[in-house]
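Residue numbers (my numbering), protein chains in the order written: chain A, 1 to 668; chain B, 1 to 130; chain C, 1 to 264.
Since the hints were derived computationally from the structure, they do not count as laboratory data.
Glycine included, C-beta positions come from ideal geometry on N, C-alpha and C.
Fair warning: there could be bad hints in the mix.
Claimed, not checked - Straight line, CA to CA, 30 Å or less: simulated DSSO-like cross-link-like pairs of lysine-lysine: (1) Lys-111(B) <-> Lys-12(C); (2) Lys-382(A) <-> Lys-211(C); (3) Lys-211(C) <-> Lys-62(B); (4) Lys-178(C) <-> Lys-340(A); (5) Lys-211(C) <-> Lys-178(C); (6) Lys-476(A) <-> Lys-178(C); (7) Lys-340(A) <-> Lys-383(A); (8) Lys-232(A) <-> Lys-141(A); (9) Lys-234(A) <-> Lys-323(A).
Claimed, not checked - To give a feel for the contact side, a few chain C residues facing chain A, derived at Cβ under 10 Å: (10) Ala-167; (11) Asn-169; (12) Tyr-187.
Said to hold, decoys possible - Ranges of calculated distance between the beta carbons of each label pair, as one might list FRET restraints: (13) Lys-304(A) <-> Asp-128(C): 46 to 56 Å; (14) Cys-396(A) <-> Arg-117(C): 25 to 35 Å; (15) Glu-262(C) <-> Pro-288(A): 52 to 62 Å; (16) Lys-106(C) <-> Pro-507(A): 45 to 55 Å.
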Amino acid sequence: MQRIGVFVCHCGTNIAATVDVKAVAKAMEKEPGVVFSTDYTYMCSEAGQTLVQDSIKKYGLTGVVICSCSPHMHELTFQKAIAKAGLNPYMLEIANIREQCSWVTKDIKVATEKAIVLARAAVAKVVLNSPLTSGTTQVTKRALVIGGGIAGMQTALDIAEAGFKVDLVEKNPSIGGKMAQLDKTFPTLDCASCIVTPKMVDVGQNENIRILSYSEVAEVSGFVGNFDVKIKRKARYVDEDKCTGCGACTEKCPMKKIPNEFNHNLNNRSCIYIPFAQAVPKVATIDPRYCLMLNKGKCGICSKVCQAGAINYKAKDEYIEEKYGAIVVATGYEQIKVDKYDEYAYSQSPDVVTSLEYERLMNAAGPTNGHLLRPSDGKEPKKIVWIQCVGSRETCDPTKGPARGKPYCSKVCCMYTAKQAILTKDHYPDTDLYVFYIDVRTPGKNFDEFYRRAVEQYNVHYIKGQVGKVTPENGKLMVQGSDLLLGEQVHIEADMVVLSAAIEPSPTARPLATMLTTQMDTNDFFTEAHPKLRPVESATAGIFLSGMCQGPKDIPETVAQASAAAAKVIGLLCKKELTNNACVAHPNEMMCNGCSQCQGVCPYGAITYVEKEFRMPDRTTKVRRVAQVNEAVCQGCGACTVTCPSGAMDLRGFSNQEIMAEVDAICQ
Amino acid sequence: MASNYEVTKDEILAISGVNPLKCMQCGKCSGTCPAYDEMEYHPNQFVLMVERGEIDKLMASKSIYKCMSCMACIERCPRQVEPAKLVEAIRLAVIRKQGQNHLIPDDVPAKLDPDLPQQALVSAFRKYTK
Amino acid sequence: MVYSYFPGCTLKNKAKDLDAYGRAAAKALGAELEEIPEWQCCGGVYPLSHDEIAIKLSSVRALASARDAGHDLVTICSACHNVIKRVNDDMANDEYVSTRANNYLKADGIEYHGETRVIHFLELLRDDIGYDKVKAAVKNPLKGQKIGAYYGCLLLRPSQVMAMDNAENPTIIEDLIKAVGATPVVYAQRNECCGAYLTMEDSSVPEKRVKSILENAKANGADTVVTACPLCYYNLKKHSEGTGVTVRYFTEVLAEALGVKEEM
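Work out the full structure: start from the sequences and follow the hints.
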């Protein structure tokens with residue numbers, strides 16, 4: 001006979017203000033199997049845990065029900081507590097009377113009734129619980145980092161420094177990401193290239209890091225400690241090991257009018273190309289969309305000029321499969337397309353540019369060699385207008401159609417705009433610069449001082465208001481906007497307009513999240529396991545987050561988060577073994593009819609089938625095909641139990657019988 | 001409606017269907033408005049003044065007859081506030097009062113020219129009279 | 001193809017050309033515009049207030065009439081199109097408006113919930129006939145003409161309801177200009193207001209507006225601008241003197257290219 005104790009938590013006033021906790025404790029006294037029931041202010045506190053442990057001993061409890069917050073919060077806490085008092089940790093049930101009751105109900109009477117029902121269900125279940133033991137699994141001592149920007153590189157370097165192998169997957173031909181395209185960085189104005197390219201070299205030379213550039217993750221299976229990942233290595237038609245990066249092929253290639261994505265299409269590159277001088281790996285790649293040899297079978301010049309014999313037109317996409325203990329997502333961001341904002345005339349005038357395009361126009365390695373020239377006529381602009389919040393901070397009211405932009409603040413625009421303005425003034429003191437802003441947001445070390453420098457030292461004109469229309473006319477851009485502080489509509493004849501377009505997660509993030517079974521928010525940013533306390537972990541064990549893929553952030557924040565994610569990975573890879581989930585599926589072999597449906601739905605590949613000899617009632621034997629569960633692999637999702645047509649599959653800790661008992665208790 | 005009846009903020013919100021609290025005062029409506037220079041109170045101020053309940057001031061202003069209903073502010077507002085609907089609501093609150101028609105039929109013949117399309121007349125009557 | 005056609009007051013009077021050229025062009029392209037019997041004025045402007053119901057009823061009657069005929073409803077006048085399309089959207093999606101409007105219309109035995117497809121003549125040309133067919137039917141290509149599209153406000157806004165084109169970078173008229181053999185001129189002011197009915201109140205505003213529109217068109221190389229709105233046409237034409245830009249209806253340009261202008 002089970003002896004159950006019920007402990008009702010007040011959670012300060014979180015529960016007690018809406019639920020009559022004493023009434024709940026009293027009501028539980030009458031439930032079958034309950035020998036002790038009480039309430040306490042903070043059950044998770046040391047005193048609360050001691051109360052539970054002492055009661056176990058005093059009343060000889062065999063099972064415990066805690067009525068408190070979500071099991072996501074403190075199930076583990078209480079499992080440990082009752083284990084210390086000698087109970088099996090699985091003889092515990094949590095009734096969630098906070099998130100699912102007190103927080104979502106205002107009426108004390110209704111909330112108390114609901115809390116009693118939830119507690120009663122937990123009691124009904126715990127009576128049927130049986131002790132469970134967990135197995136262990138080994139941890140694969142290798143990490144996968146997806147994305148080779150500053151976030152991914154930092155994470156990879158930190159993990160590698162700790163002595164673990166890391167594979168760094170990057171979809172582009174070179175690592176480096178967006179930071180390699182920036183000119184200088186705020187608020188110190190140190191050159192982005194000067195600090196990011198040495199990091200790229202470090203990554204390239206680190207013996208523990210393998211760069212898989214021009215590659216994409218294709219399939220992911222497995223679980224924490226034991227992920228199986230299939231990686232697509234796109235054909236670059238150049239042998240990475242043979243290519244010396246001499247660049248002879250890029251010079252001789254006859255197809256030279258390909259938009260150069262590294263320079264945001266502000267100039268052209270050849271069809272066989274090395275994206276930029278400091279690329280890592282510094283090897284050429286053929287763009288298969290334009291190559292004459294690949295498309296028409298003519299040309300072959302790059303192959304002829306290649307001294308190393310690295311060109312291979314017959315190359316095919318290849319797939320490699322690898323095991324990893326942990327995966328870090330560092331897929332970064334893009335700027336939104338601004339074609340929906342053509343009141344700013346981006347598609348009508350080449351002199352209207354995005355802020356990332358402006359970075360390239362200022363960059364010494366950019367299309368104009370760092371000489372600021374208007375794309376339309378190659379002249380130096382004298383008057384430049386920045387427009388903030390293009391596509392940021394926009395409302396999405398689904399009843400009024402799809403929003404053009406994003407509801408969030410993109411966070412980095414105010415600061416990079418001040419930086420771009422300061423740099424422009426530094427190089428061209430006779431320019432006249434205007435920034436239309438809604439709010440200037442500068443929370444960060446030395447950030448506001450930097451913005452004030454733009455105003456006070458460089459006389460950049462900040463106008464509180466927004467631009468309504470940009471009209472290209474006679475080689476000028478007529479900017480019409482509001483000056484809210486003066487109460488005027490202003491008209492500026494500008495030479496260039498720079499759009500601080502919103503940032504959004506990389507389009508590769510959504511399909512990746514599906515593969516990884518991780519969560520995203522409505523904006524396609526990856527969701528952290530806890531917004532304050534677990535900011536670099538995803539809710540899926542073994543998957544970690546690094547950089548902009550989790551939300552807008554600047555370079556210092558990105559690097560900090562990247563190192564934090566690495567620390568979490570190292571902590572995981574250091575472990576000798578991982579404790580498995582004890583709540584795993586197990587088949588009743590006598591009832592299993594061998595249909596294989598459970599095998600088909602198992603997302604972890606934990607189910608196999610074996611031929612087994614069974615003794616029949618008439619003393620003959622019969623060989624039957626039955627399901628077997630690999631308990632180290634099973635994650636206890638329960639898909640097989642609901643699929644099994646004969647009811648043979650059951651889940652430990654969540655058996656059909658236990659769940660029906662809960663339902664019955666609720667429906668009483 | 002008696003002419004001394006005081007129009008409340010709630011009535012303006014009901015007529016317009018606008019929630020001025022969504023406005024973040026970015027000023028894009030006023031940056032885009034083609035009638036800005038004709039107006040005493042500008043689109044962003046309309047939203048703020050309605051929110052603060054300064055309905056009387058707006059009702060007394062000639063600005064309410066200057067909006068061309070071009071809907072540029074509605075289209076470009078990043079918060080989907082729709083300032084033009086507030087201008088329309090205030091104007092309606094005025095002309096719905098007895099004797100407050102802004103366009104008097106007897107004055108119309110003098111305003112006509114041979115090419116003026118019917119559409120202009122119909123629209124003006126819809127906007128300025130009840 | 002037979003369409004229900006709502007011409008509107010102005011196209012029966014001061015903008016007869018806009019209507020006649022449109023009908024002739026439609027006929028030449030194999031589309032029949034069947035005028036809705038006993039149509040009533042659309043109201044000229046869509047009421048931006050949420051509580052105006054009665055003045056939407058004439059549009060609902062036209063919409064129900066097209067539905068009962070089993071046709072899509074076509075308009076040529078931008079203003080009529082804006083009003084009717086938005087009322088149609090209200091009847092389909094705004095319960096407050098549709099319940100009240102249907103209560104009024106019970107007396108006429110009409111019940112309507114936004115079933116009709118409402119398209120502008122430009123959409124008929126682009127989506128139903130296809131610009132490639134228009135191009136093939138052109139007899140007098142308007143070679144060398146540099147034509148700027150003037151959209152104004154009513155064709156495009158609000159874009160979630162009008163859903164004709166990208167409201168800030170539309171191409172539907174430019175593509176038609178290409179189809180008739182002329183060169184389209186893109187200029188930013190093509191979707192800025194002409195001054196509209198303010199012309200009754202104070203014509204100095206339309207004058208300022210038109211000046212900035214036509215100067216922008218001219219600066220970008222246009223010798224002609226075309227419009228689909230009689231009020232835009234009036235304002236633009238009235239203040240076009242000295243700008244060197246000719247103002248025409250888009251249907252006139254189309255009829256000319258199709259070789260049906262002289263037949264009239």
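Now the hints, each set against the structure:
1. The suggested pairing of Lys-111(B) with Lys-12(C) holds, with an alpha-carbon distance near 21 Å, which does not exceed 30 Å.
2. Restraint check for Lys-382(A) and Lys-211(C): the C-alpha separation of about 27 Å stays at or below 30 Å, so the hint holds.
3. With a C-alpha separation of about 24 Å, the suggested pair Lys-211(C) and Lys-62(B) falls inside the 30 Å cut-off, and the hint holds.
4. Taken as a hint, the Lys-178(C) and Lys-340(A) pair is honoured in the structure, with Cα atoms around 23 Å apart against an allowance of 30 Å.
5. For the hint linking Lys-211(C) to Lys-178(C), the alpha-carbon distance of about 26 Å falls within 30 Å, and the restraint holds.
6. Simply put, Lys-476(A) and Lys-178(C) have alpha-carbon atoms about 27 Å apart, close enough for the 30 Å limit, and the pair holds.
7. Our distance criterion of 30 Å between C-alpha atoms is met by Lys-340(A) and Lys-383(A), whose separation comes to about 25 Å.
8. At most 30 Å may separate the alpha-carbon atoms for a hinted pair to count; Lys-232(A) and Lys-141(A) meet this at roughly 22 Å.
9. A distance of roughly 20 Å separates the Cα atoms of Lys-234(A) and Lys-323(A); the hinted pair therefore holds under the 30 Å criterion.
10. For Ala-167(C), the interface hint holds, the least distance from its beta-carbon to any beta-carbon of chain A being 9 Å, beneath 10 Å.
11. A cut of 10 Å between beta carbons decides the hint on Asn-169(C): the least distance to chain A is about 4 Å, and the hint holds.
12. Satisfaction of the interface hint for Tyr-187(C) is found here, the shortest Cβ-Cβ separation to chain A being roughly 8 Å, below the 10 Å cut-off.
13. Between Lys-304(A) and Asp-128(C) the beta carbon distance is about 54 Å. The supplied range of 46 to 56 Å therefore holds.
14. Checking the proposed 25 to 35 Å range against Cys-396(A) and Arg-117(C) shows it holds: the Cβ atoms sit about 27 Å from each other.
15. Range check, Glu-262(C) to Pro-288(A): Cβ separation about 54 Å, and the 52 to 62 Å hint holds.
16. Against the hinted window of 45 to 55 Å, the Cβ-Cβ separation of Lys-106(C) and Pro-507(A) comes to about 51 Å, which satisfies the hint.
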